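A.B. asks: What follows is each chain in one-letter form.
2 protein chains.
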Amino acid sequence: MKNIYAIGVGLIGGSLALDIKKNNPEMIIHGISRKEATLDEALALNLIDEKAALDDIKHADLVIISIPVDATVKLLPTVLDLIPDTGLVVDAGSTKEAICKVVENHPKRRNFLAMHPIAGTEHSGPSAAIQGLFKGKTNIVCEVEKTTFKLQEKALKLFTDIGMRIRYMNPVDHDKHIAYVSHLSHISAFMLGKTVIEKEKNERDIFDMAGSGFASTVRLAKSSPEMWTPIFEQNKINVVETLEEYINNLTQFKELIKDDNFEAIFNEMKNTNHIKDILNGIS
Amino acid sequence: MKNIYAIGVGLIGGSLALDIKKNNPEMIIHGISRKEATLDEALALNLIDEKAALDDIKHADLVIISIPVDATVKLLPTVLDLIPDTGLVVDAGSTKEAICKVVENHPKRRNFLAMHPIAGTEHSGPSAAIQGLFKGKTNIVCEVEKTTFKLQEKALKLFTDIGMRIRYMNPVDHDKHIAYVSHLSHISAFMLGKTVIEKEKNERDIFDMAGSGFASTVRLAKSSPEMWTPIFEQNKINVVETLEEYINNLTQFKELIKDDNFEAIFNEMKNTNHIKDILNGIS
Numbered sequence: 001m002k003n004i005y006a007i008g009v010g011l012i013g014g015s016l017a018l019d020i021k022k023n024n025p026e027m028i029i030h031g032i033s034r035k036e037a038t039l040d041e042a043l044a045l046n047l048i049d050e051k052a053a054l055d056d057i058k059h060a061d062l063v064i065i066s067i068p069v070d071a072t073v074k075l076l077p078t079v080l081d082l083i084p085d086t087g088l089v090v091d092a093g094s095t096k097e098a099i100c101k102v103v104e105n106h107p108k109r110r111n112f113l114a115m116h117p118i119a120g121t122e123h124s125g126p127s128a129a130i131q132g133l134f135k136g137k138t139n140i141v142c143e144v145e146k147t148t149f150k151l152q153e154k155a156l157k158l159f160t161d162i163g164m165r166i167r168y169m170n171p172v173d174h175d176k177h178i179a180y181v182s183h184l185s186h187i188s189a190f191m192l193g194k195t196v197i198e199k200e201k202n203e204r205d206i207f208d209m210a211g212s213g214f215a216s217t218v219r220l221a222k223s224s225p226e227m228w229t230p231i232f233e234q235n236k237i238n239v240v241e242t243l244e245e246y247i248n249n250l251t252q253f254k255e256l257i258k259d260d261n262f263e264a265i266f267n268e269m270k271n272t273n274h275i276k277d278i279l280n281g282i283s
Numbered sequence: 001m002k003n004i005y006a007i008g009v010g011l012i013g014g015s016l017a018l019d020i021k022k023n024n025p026e027m028i029i030h031g032i033s034r035k036e037a038t039l040d041e042a043l044a045l046n047l048i049d050e051k052a053a054l055d056d057i058k059h060a061d062l063v064i065i066s067i068p069v070d071a072t073v074k075l076l077p078t079v080l081d082l083i084p085d086t087g088l089v090v091d092a093g094s095t096k097e098a099i100c101k102v103v104e105n106h107p108k109r110r111n112f113l114a115m116h117p118i119a120g121t122e123h124s125g126p127s128a129a130i131q132g133l134f135k136g137k138t139n140i141v142c143e144v145e146k147t148t149f150k151l152q153e154k155a156l157k158l159f160t161d162i163g164m165r166i167r168y169m170n171p172v173d174h175d176k177h178i179a180y181v182s183h184l185s186h187i188s189a190f191m192l193g194k195t196v197i198e199k200e201k202n203e204r205d206i207f208d209m210a211g212s213g214f215a216s217t218v219r220l221a222k223s224s225p226e227m228w229t230p231i232f233e234q235n236k237i238n239v240v241e242t243l244e245e246y247i248n249n250l251t252q253f254k255e256l257i258k259d260d261n262f263e264a265i266f267n268e269m270k271n272t273n274h275i276k277d278i279l280n281g282i283s
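Protein sequences, first through last, are from chains C and R.
Numbering-wise (the UniProt record's numbering), the first sequence opens with residue 1 and increments by one.
Numbering-wise (the UniProt record's numbering), the second sequence opens with residue 1 and increments by one.
Be aware that one or more of the hints could be misleading.
No copy labels: a pair is met if it fits in one copy or bridges any two.
No farther apart than 25 Å at their CA atoms in a straight line, the calculated lysine to aspartate or glutamate pairs in the DMTMM-like style are these [stated by the list, open to error]:
| no. | residue 1 | residue 2 |
| --- | --- | --- |
| 1 | Lys135 | Glu104 |
| 2 | Lys254 | Glu198 |
| 3 | Lys258 | Glu198 |
| 4 | Lys157 | Asp208 |
| 5 | Lys74 | Asp259 |
| 6 | Lys137 | Glu50 |
| 7 | Lys254 | Glu244 |
| 8 | Lys58 | Asp208 |
| 9 | Lys176 | Asp70 |
| 10 | Lys199 | Glu244 |
| 11 | Lys236 | Asp85 |
| 12 | Lys270 | Glu244 |
| 13 | Lys258 | Glu245 |
| 14 | Lys270 | Glu198 |
| 15 | Lys254 | Glu97 |
| 16 | Lys74 | Asp85 |
| 17 | Lys199 | Glu255 |
| 18 | Lys146 | Asp208 |
| 19 | Lys176 | Glu255 |
| 20 | Lys199 | Glu50 |
| 21 | Lys236 | Asp259 |
| 22 | Lys199 | Asp173 |
| 23 | Lys254 | Glu36 |
| 24 | Lys101 | Asp85 |
| 25 | Lys176 | Glu241 |
| 26 | Lys270 | Glu26 |
| 27 | Lys201 | Asp173 |
FYI, nobody ran anything at the bench for these hints, they're computed from the structure.
Computed from a predicted structure; not experimentally measured.
Using the sequences and the hints, build the whole thing.
C.D. replies: Have a look at this one:
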């Protein structure tokens, strides 16, 4: 592999580019973006070696798509049309069913590998890219059997070399599980932020009284709406289901407080403390 | 001030003891706890200089109460009975109305200062105590006018010396605001943890798919039920109100998704991104 094309050079695309270039200085990272200013920024930050356009993909050994998932669904068939037989296209989207679906009958389906590197921060854009973001993180790969073996092998080596653990899953299971451990967290944080902002018009009061606990719980409410709106749209059914369960649990907890059943409140929290053991190992 | 008595030598009491001793090596930190094993642990960790019992408080210059708020309400009148006229009692509870109420007519009310140092982690017990926990954090002081001036002055110097900013508030406002920026975050995190645990019986799946975003949002679900149950009980009315607003916001967000109104979903998140500016400065 020599010519890598990053479509999307923000937090995920930019960080992948940084790590891959570090491990493989001989590779050339070409950046593609809708916005010229974003490419200029990525170039200035040394995330990419060169600016490129969509047509250049015909020279690609590997294309990494890290853009909002609605844009991925629209663009992916075209990218696959352009990729040479020896090239591979991967995506990094937080939903997998719609993305796999849109290329299921594409004549070059075997040149595509669907993945979801589970890593990130609440920041976005080229300036959010950081080296080492993927170290020790999980990369979920979907429908691996549909990708040419030689191409998947090369790509997975690239991603394990930057520190990722590979895990295989079908797109339907991926979207169901990720709704719980990622999409719900984002909505939970966004609505927490909204509730507090609405109530506490005097921001000075929030600032003075909010501690690190609030900051941590609400952190994801800084995330990009451009990125997250299409994720909720594509994973609508699962997200609504998780939200219903979450709202039910909150309502039940509220009723227990109203009923002065503080023994039950204690037990709810004690049982949930078990999350400690589950989280051990997540940095 | 020479003899400091810490009733409760866990995360908050232990951390306060560490910082105060560091700044004032001539002071003697006496530890008091219901459990002998806790005191032994605090001694072994050098959080306290000596073990003590409740009766010894008659020799105290300062008593710092950092125990669950239900225990504080029960114990505080007795501690005030015991404190010499020249001594001061402070508490560090996360609720202020019930605590101020229980001593409002106490003959030694002027020897008590109600505070809430807004600092902490999700851990508890003596081993959770850390140096520097209060640096740059806010210490909310309630009903300052009810405390002897000379005593408040000495105590507040102690707390500003360890890096805290003092902010004055009445107990009713404190409990109302803190419900939003602290108590709600805890319930939000506990119920997020519960929802995910219930759904994902196979813990391996959670572990593999959960990223740092989930870890951050759910972090407070590791908190101590012993500490938090009485907080929710004492702040019941405010907590129920915040929960109702939070549940309403979540329900509305869910309905927008169900109605495919993703323009509104985008705007909800965009508006809440404003939390960035509010959080700047909270570490």
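A.B. asks: Each hint needs a verdict: does it hold in this structure or not?
C.D. replies: Results of checking the hints against the structure:
1. For a Cα distance limit of 25 Å, the shortest separation of Lys135 from Glu104 qualifies neither inside one copy, at 31 Å, nor across copies, at 56 Å.
2. Taking the closest pair of Cα atoms, Lys254 and Glu198 come within 25 Å of each other both inside a single copy (20 Å) and across two copies (18 Å).
3. Taking CA atoms no more than 25 Å apart as the test, Lys258 paired with Glu198 passes in both settings, with 23 Å inside one copy and 23 Å between copies.
4. In this assembly of identical chains, the alpha carbons of Lys157 and Asp208 lie at most 25 Å apart only when taken from different copies (19 Å versus 48 Å within one copy).
5. For a Cα distance limit of 25 Å, the shortest separation of Lys74 from Asp259 across copies, 22 Å, qualifies, whereas the shortest one inside one copy, 51 Å, does not.
6. Proximity of Lys137 to Glu50 under the C-alpha cut-off of 25 Å is found in neither arrangement, the shortest distances being 28 Å within a copy and 46 Å between copies.
7. For the identical chains of this complex, Lys254 and Glu244 are neighbours both inside a copy (15 Å) and across copies (8 Å), given an alpha-carbon limit of 25 Å.
8. Within a single copy, Lys58 and Asp208 get their C-alpha atoms no closer than 55 Å, and across copies no closer than 35 Å, so neither meets the 25 Å cut-off.
9. When the C-alpha separation of Lys176 and Asp70 is checked against a cutoff of 25 Å, the pair qualifies only within one copy, where the shortest distance is 18 Å, while the shortest distance between copies is 41 Å.
10. Proximity of Lys199 to Glu244 under the C-alpha cut-off of 25 Å is found in both arrangements, the shortest distances being 24 Å within a copy and 12 Å between copies.
11. Taking identical chains as interchangeable, the C-alpha atoms of Lys236 and Asp85 are never at most 25 Å apart, the minima being 35 Å within one chain and 65 Å between chains.
12. When the C-alpha separation of Lys270 and Glu244 is checked against a cutoff of 25 Å, the pair qualifies both within a copy, at 23 Å, and between copies, at 23 Å.
13. Within a single copy, Lys258 and Glu245 get their C-alpha atoms as close as 20 Å, and across copies as close as 15 Å, so both meet the 25 Å cut-off.
14. Within a single copy, Lys270 and Glu198 get their C-alpha atoms only as close as 31 Å, which misses the 25 Å cut-off; across copies the closest is 14 Å, which meets it.
15. In this homomeric assembly, Lys254 and Glu97 come within 25 Å of each other (Cα to Cα) only across copies, at 21 Å, whereas the closest approach inside a single copy is 35 Å.
16. Proximity of Lys74 and Asp85 under a CA criterion of 25 Å is satisfied intra-copy only: 21 Å inside one chain copy versus 76 Å between copies.
17. Taking the shortest alpha-carbon separations for Lys199 and Glu255, both the intra-copy value of 22 Å and the inter-copy value of 22 Å come in at or below 25 Å.
18. Proximity of Lys146 to Asp208 under the C-alpha cut-off of 25 Å is restricted to the inter-copy arrangement: shortest distance 23 Å between copies versus 54 Å within a copy.
19. Proximity of Lys176 to Glu255 under the C-alpha cut-off of 25 Å is restricted to the inter-copy arrangement: shortest distance 19 Å between copies versus 28 Å within a copy.
20. Taking the shortest alpha-carbon separations for Lys199 and Glu50, neither the intra-copy value of 48 Å nor the inter-copy value of 46 Å comes in at or below 25 Å.
21. Taking the shortest alpha-carbon separations for Lys236 and Asp259, only the inter-copy value of 10 Å comes in at or below 25 Å, while the best intra-copy value is 34 Å.
22. In the homo-oligomer, the alpha carbons of Lys199 and Asp173 lie at most 25 Å apart only across protomers (13 Å), although the nearest pairing inside one protomer, at 38 Å, exceeds that limit.
23. In the homo-oligomer, the alpha carbons of Lys254 and Glu36 never lie at most 25 Å apart, since the shortest distance is 50 Å inside one protomer and 36 Å across protomers.
24. In this homomeric assembly, Lys101 and Asp85 come within 25 Å of each other (Cα to Cα) only inside a single copy, at 21 Å, whereas the closest approach across copies is 77 Å.
25. Taking the closest pair of Cα atoms, Lys176 and Glu241 come within 25 Å of each other only inside a single copy of the chain (9 Å); across copies the shortest separation is 32 Å, beyond that limit.
26. In this homomeric assembly, Lys270 and Glu26 never come within 25 Å of each other (Cα to Cα): the closest approach is 53 Å inside a single copy and 40 Å across copies.
27. Taking the shortest alpha-carbon separations for Lys201 and Asp173, only the inter-copy value of 14 Å comes in at or below 25 Å, while the best intra-copy value is 41 Å.
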